[in-house]
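Trainee: Okay, here's what each chain looks like letter by letter:
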Amino acid sequence: MNSPLETRSLSLKREGNAVLDKVSFTVAQGEIFALLGGNGAGKSSTLLTFLGFLEPSGGEVLVNGQSVASDVTAARNAIAYLPEATSLYGHMTAYENLDYFLDLAGRSAGVDELNAAFDRVALPIEARSRRLQSYSKGMRQKTAIALALLRETPILLLDEPTSGLDPVAIDEFHDLVKALAQGGQTILMVTHDVYGACQVADRVGLLRRGKLVGSFSAENGQRIDTETVHAAFAEREAA
Amino acid sequence: MSPVTRIAREEWRLWMRSKVVVAAALIVATLLAATTLLTINRIAAEQSERLEQQIAAEKTFFAQPDRHPHRMVHYGHYAFRPPPPLAMFEPGVDAVTGQSIFLEGHRQNTAMFADTKAAADLGGFAALTPASLYQLLLPLLLIVLGHALFLRERESGTLAVMLAQGQSGTKLAAGKALALLTVITIFMIPLVAVAVYSTSLGESGLAAFSLVGGYFVYLCVWGAIVLAASIILKQRAVSLGVLIFAWLFAALVVPRFAINASSAMVDAPGKIESDLVMLAEQRKLGDGHNAADPAFQRLQAEVLEQYEVETIEELPINWRGVVASYSEAELTELLNGYAEKRMNLEAAQSRIFDFFGLASPTIAISSASRTLSGTDLATHHRFLRESETLRFDFVQSLNEVHAEELDYAIDMNRNAGPEASRRARVNAEAWQVLDEFRFVPDSAGERTSRAMMSMGTLTFWLLLAVAFVFISARRVRL
Numbered sequence: 001m002n003s004p005l006e007t008r009s010l011s012l013k014r015e016g017n018a019v020l021d022k023v024s025f026t027v028a029q030g031e032i033f034a035l036l037g038g039n040g041a042g043k044s045s046t047l048l049t050f051l052g053f054l055e056p057s058g059g060e061v062l063v064n065g066q067s068v069a070s071d072v073t074a075a076r077n078a079i080a081y082l083p084e085a086t087s088l089y090g091h092m093t094a095y096e097n098l099d100y101f102l103d104l105a106g107r108s109a110g111v112d113e114l115n116a117a118f119d120r121v122a123l124p125i126e127a128r129s130r131r132l133q134s135y136s137k138g139m140r141q142k143t144a145i146a147l148a149l150l151r152e153t154p155i156l157l158l159d160e161p162t163s164g165l166d167p168v169a170i171d172e173f174h175d176l177v178k179a180l181a182q183g184g185q186t187i188l189m190v191t192h193d194v195y196g197a198c199q200v201a202d203r204v205g206l207l208r209r210g211k212l213v214g215s216f217s218a219e220n221g222q223r224i225d226t227e228t229v230h231a232a233f234a235e236r237e238a239a
Numbered sequence: 001m002s003p004v005t006r007i008a009r010e011e012w013r014l015w016m017r018s019k020v021v022v023a024a025a026l027i028v029a030t031l032l033a034a035t036t037l038l039t040i041n042r043i044a045a046e047q048s049e050r051l052e053q054q055i056a057a058e059k060t061f062f063a064q065p066d067r068h069p070h071r072m073v074h075y076g077h078y079a080f081r082p083p084p085p086l087a088m089f090e091p092g093v094d095a096v097t098g099q100s101i102f103l104e105g106h107r108q109n110t111a112m113f114a115d116t117k118a119a120a121d122l123g124g125f126a127a128l129t130p131a132s133l134y135q136l137l138l139p140l141l142l143i144v145l146g147h148a149l150f151l152r153e154r155e156s157g158t159l160a161v162m163l164a165q166g167q168s169g170t171k172l173a174a175g176k177a178l179a180l181l182t183v184i185t186i187f188m189i190p191l192v193a194v195a196v197y198s199t200s201l202g203e204s205g206l207a208a209f210s211l212v213g214g215y216f217v218y219l220c221v222w223g224a225i226v227l228a229a230s231i232i233l234k235q236r237a238v239s240l241g242v243l244i245f246a247w248l249f250a251a252l253v254v255p256r257f258a259i260n261a262s263s264a265m266v267d268a269p270g271k272i273e274s275d276l277v278m279l280a281e282q283r284k285l286g287d288g289h290n291a292a293d294p295a296f297q298r299l300q301a302e303v304l305e306q307y308e309v310e311t312i313e314e315l316p317i318n319w320r321g322v323v324a325s326y327s328e329a330e331l332t333e334l335l336n337g338y339a340e341k342r343m344n345l346e347a348a349q350s351r352i353f354d355f356f357g358l359a360s361p362t363i364a365i366s367s368a369s370r371t372l373s374g375t376d377l378a379t380h381h382r383f384l385r386e387s388e389t390l391r392f393d394f395v396q397s398l399n400e401v402h403a404e405e406l407d408y409a410i411d412m413n414r415n416a417g418p419e420a421s422r423r424a425r426v427n428a429e430a431w432q433v434l435d436e437f438r439f440v441p442d443s444a445g446e447r448t449s450r451a452m453m454s455m456g457t458l459t460f461w462l463l464l465a466v467a468f469v470f471i472s473a474r475r476v477r478l
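Just so you know, the protein sequences line up as chains A and B, in that order. Under this note's numbering, think of the first position of the first sequence as 1, with each following residue one higher. Under this note's numbering, think of the first position of the second sequence as 1, with each following residue one higher.
Don't take every hint at face value.
Chain A is faced by these chain B residues, among others (derived, beta-carbon under 7 Å) [to be verified]:
no.: 1; residue: T5
no.: 2; residue: R6
no.: 3; residue: Q165
no.: 4; residue: Q167
no.: 5; residue: L478
To spell it out: a stretch of chain A is covered by chain B in this simulated footprint if at least three of its residues, at any positions, have a beta carbon under 8 Å from a beta carbon of chain B; those stretches are [said to hold, decoys possible]:
no.: 6; region: 67-80
no.: 7; region: 104-117
FYI, nobody ran anything at the bench for these hints, they're computed from the structure. The beta carbon of each residue, even a glycine, is placed where N, CA and C say it ideally should be.
If we strip away everything but chain B, and leave its shape as in the complex, we get (with noise of 0.2 Å):
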């Protein structure tokens, strides 16, 4: 056995007589296995019914009666984001963003919770999830388990002892690495059990093992911290007291300021904020439920031109759909430039809190980790696009069914009485207008494309931990 090997086991050898270290150890593989286990669950349960509710809505939408179309237009349909399958470990930004969203005519309403779901965790425990475990829970265990790996030699004298017997500083490092490493890829098995699991649900290899790797980098990064701190800091208390500083930093400190720069360095309104300011906007654009709304003017021009007719009623098609139409085309570039500008803002907000991953790992691991496990802000924006497509696609499509399936004349009177009623309604079969909505993550290389920055920001805190250690390895003193 090579002394490197030799120094990491005996290094075993202590932490598994050491009762405190044993007990630690068991609280967070019971804390992780418990929460994984939990998230999983949740998680899986969120897919399916999710998957069962878009289902559900798509048919209740199909299966209404002969209605007016524009009723149908306010009947309304509903989006769902199933969480990927990688959410089980990192649900990401689903617990700010919400998860569906009711699509009708006229509005771009925000994401909704599941509200069943939602009143389970008033006290917000479902934030403990598998990802802030490693992200947070794990350095802390690394720094117990290891702030004293070298400062323990140096003050009992056995640095000495272990030096006299021809071993190089460089060596006793890479020993104690070595036990570090072998602990943190422990740490990494309930991991790599999630990310095999996913692949079983669908998920990229590509992805859930990109997610291991980030996970493993940011791990041996804290690792190297702990181990550098033990080599240069002269005493145990000293050292726990750095490394739970540099934790709090990082973890804590670092990304509550991030998120104050970000946000004090891009202004972005949120969605109330934006529809109230769009209001105003929104009313020069007319009425298209009126459609003698001086604002549809010139539209009834150009139409009455184009069909070269001299009124409304003669044109071939329903005039009221026409506005319908024309209206929803509006609004819905008006909802859209807001939308666009709104969703810009928030990733320029999300670059800037990801280039504070240049100030703390953590930063740079949560954003790989929601990148990688497609729970991201840009995966929710894309949602938010892909609905309004949806929404934009079914509401032009009813308006179309207006204009060229019912009757001006008929549509005008559809007051007068429930015959007149009646006759102004279309046949069921004009809502298969509606697309089956599928939402599914990025690709794999997409995901894994987008989460280069933050893994290159690992990568370079590995390496400079690493260089760290070394330096310092070298330099060992009694």
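Isolated chain A, as found in the complex (with noise of 0.2 Å):
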């Protein structure tokens, strides 16, 4: 069966400098993968390779076991993406935000199908018909997630997504990713945060200067360790 999300010596190159380098991969059905890297490491353009937004300089890119570049549109068609800058109208409420990217998306959603999903990422109610413009960073991260969400897609693709939340938010968002991979949905994240990574993640990748350099599994049911994997980070970063 194939993996909903691989690479095959994935390299990259961006106005002439290597950003990725013979980067391989695998991510399962119901999987949470989470690269770890630093600044530049090439976490999000890794992302961006399976939106076909990037084209590789080398090696392959595939989506349910199809290659990217044979098909964007079908790749782009099973995935869910959040980028790093919440990038929704300020222009628009929740609502309006949501039913317009869903209808580019081919989807409609009723009202009780939206507030569904703005109830499962904590959305107030009152801010739902407010414009975004007046919303913090966290808000519109949960506005972010509650359109991936109804997406429904089998891929669900999330950079940096705790970023700017609060500590509260944070555990809510992990608990409902763990929710969303017993689902059967394929989730690959990337982030800087290690306490993050290792709490969510069924494995984590770390990834230096382009190169994957090292992977960590949860075992025996238990977490990832921490201490382990935020050693490597910072040796492999220091060296």
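The task is to assemble the complex, starting from two chains supplied on their own in separate frames and drawing on the hints.
Mentor: In structure tokens:
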């Protein structure tokens, strides 16, 4: 059976500089895989190759076993993407934002369905009819997550998803991600938050200067050891 | 609702919620409405005034009492060029060519302006016409509205989200293009209203709606240029700067350069300058008022031979009238030669200017606009030719009256006293020689055919700009 997400010796250059160098990994269905790395490690670029926004200079990127290069639309239809900078329209309300983007994705949702998604991400009821320009970063993030949920895609790509969220919201978000994975969604998240990655992920890959330099898995139902990953992260970054 | 329509609708939502955009649109709409109403009012007044003045001039001419026919030649007459209905939108060359001519013997006068109207416009504010707003201001508003159409999405990160929903760059561009197209369609409403109104005043529907079509294509060219810049360029400030530069280049720099280039390539002396050059040659033709001028000796010999008489006193016709007629014909040939040369040079300059439409769509639309409205240089030249024909015909008809209805001896004796002067008059019924003059624009077919080159240039611009948008949209990157 094909893995929902896979890279094979993925290399990427941007403006002549090597961003990724022969990165290979797979993410199984229902798995949460966290790519951990410092600034400029190539984490976000890896996500963008799955969406076909960046073209690899070498290797291959596959979504559900199919090369992204051969059918980018199929890849995008299978993926819900939560960008790092929560990118929604400030001049629209949360309802309007979701209605618009879902429409673009070829999906429609009634008010009840929208409210159910907002409930899941704990977006306050009174805020839903306000324009996003008055939102805090955390509230914008929740709205974007609600959009990702409503897409009901088998794959979820999350770019620094807890950035800007308060600790309670982060915990709630982690619970939500785990629930989604248990429901069968495949999740690839990139982050530089070692603690958060170890809290939520089934597997953590360590990315450094475009190379996948380490991998850590949860074993025997235990969480990934934060200390070990942190030490590896610090060591690699210092190298 | 299709994704393309939805994208366009959401663009409109943003515009409607943006106070700056709404304010800019309201200012332009007010300016457009005010300018259109004021120009309609002015042109409608001028149209009826000039027609009334034409009729009044004819009545005054016909009402002249018994006179010596040559006094009527100098009494003269006026020819007016009433503005065509579409001049309410595009006054065209009216502002620089004059709209009426005083017609008299032995002279081709320069077209004049209506002083009463000109005096109220010493600041030149009447130059702000609906056509100039469409040509200059609306592209600027399209730039304000559209320079960030794509860039805003790119800079705020929503472009990634939109593409991630499975939409292609081409569809996003089509949605943005549709939004701009609806703006352009709204911009066209005042012009459509003017076109409909002009048809009620007798304008041809073909000309009026070709004008609407021309401006629609012109604004679509700007819309496509704006959209392409928004797709290709990476920063909003750069996009705005580049588009403003393009606007300055197309709307101000190229037309100014085109004027200088056409003047440099074809040196066309003005009317006054050619009149001064012509005076020397005119003197060689002899003075038509002096029947004894040596310049007419050969004519005298021919006429005496034709009538088989020895002296001019024996002629059955008035020799002074014959000389006046001959002199007028000779002089008119000379004047027409210079006038045609001058008009041909001006037309050549105009053609060179139009050629610069390939470098600026603003030149292409301004040329098409004047031609379709019937306010172009060719129409003015036709007015000059037709009024000259009117002048020559009535002067020669009066000379014919002079030659045939006034006895030579009585004529020669006209200054001998009041009674002699009275006897040297002819009956006022003779003034009916004046033809009625009603200047009308060329047919719609003629105007449309003359505007083909400019319209073709605009179409070329549109195809080029749309192809540019299409190619850029296919290569949309974050």
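Trainee: All hints, please: hold or fail.
Mentor: Quick rundown of the hints versus the structure:
The restraint placing B:T5 at the interface with chain A is violated, with a minimum CB-CB distance near 10 Å, outside the 7 Å limit. A cut of 7 Å between beta carbons decides the hint on B:R6: the least distance to chain A is about 5 Å, and the hint holds. Of the supplied interface hints, the one on B:Q165 holds, with its beta-carbon coming within about 4 Å of a beta-carbon of chain A, less than 7 Å. With a cut of 7 Å, the hint placing B:Q167 at the interface with chain A holds, because the nearest CB-to-CB distance is about 5 Å.
Because the smallest distance between the Cβ of B:L478 and any Cβ of chain A comes to about 5 Å, under 7 Å, the interface hint for this residue holds. Given as covered by chain B, the region 67-80 of chain A passes the check, having 5 residues with a CB less than 8 Å from a CB of that chain where 3 are the minimum. Residue count for the region 104-117 of chain A with a Cβ under 8 Å from a Cβ of chain B: 3. That meets the three needed, and the coverage hint holds.
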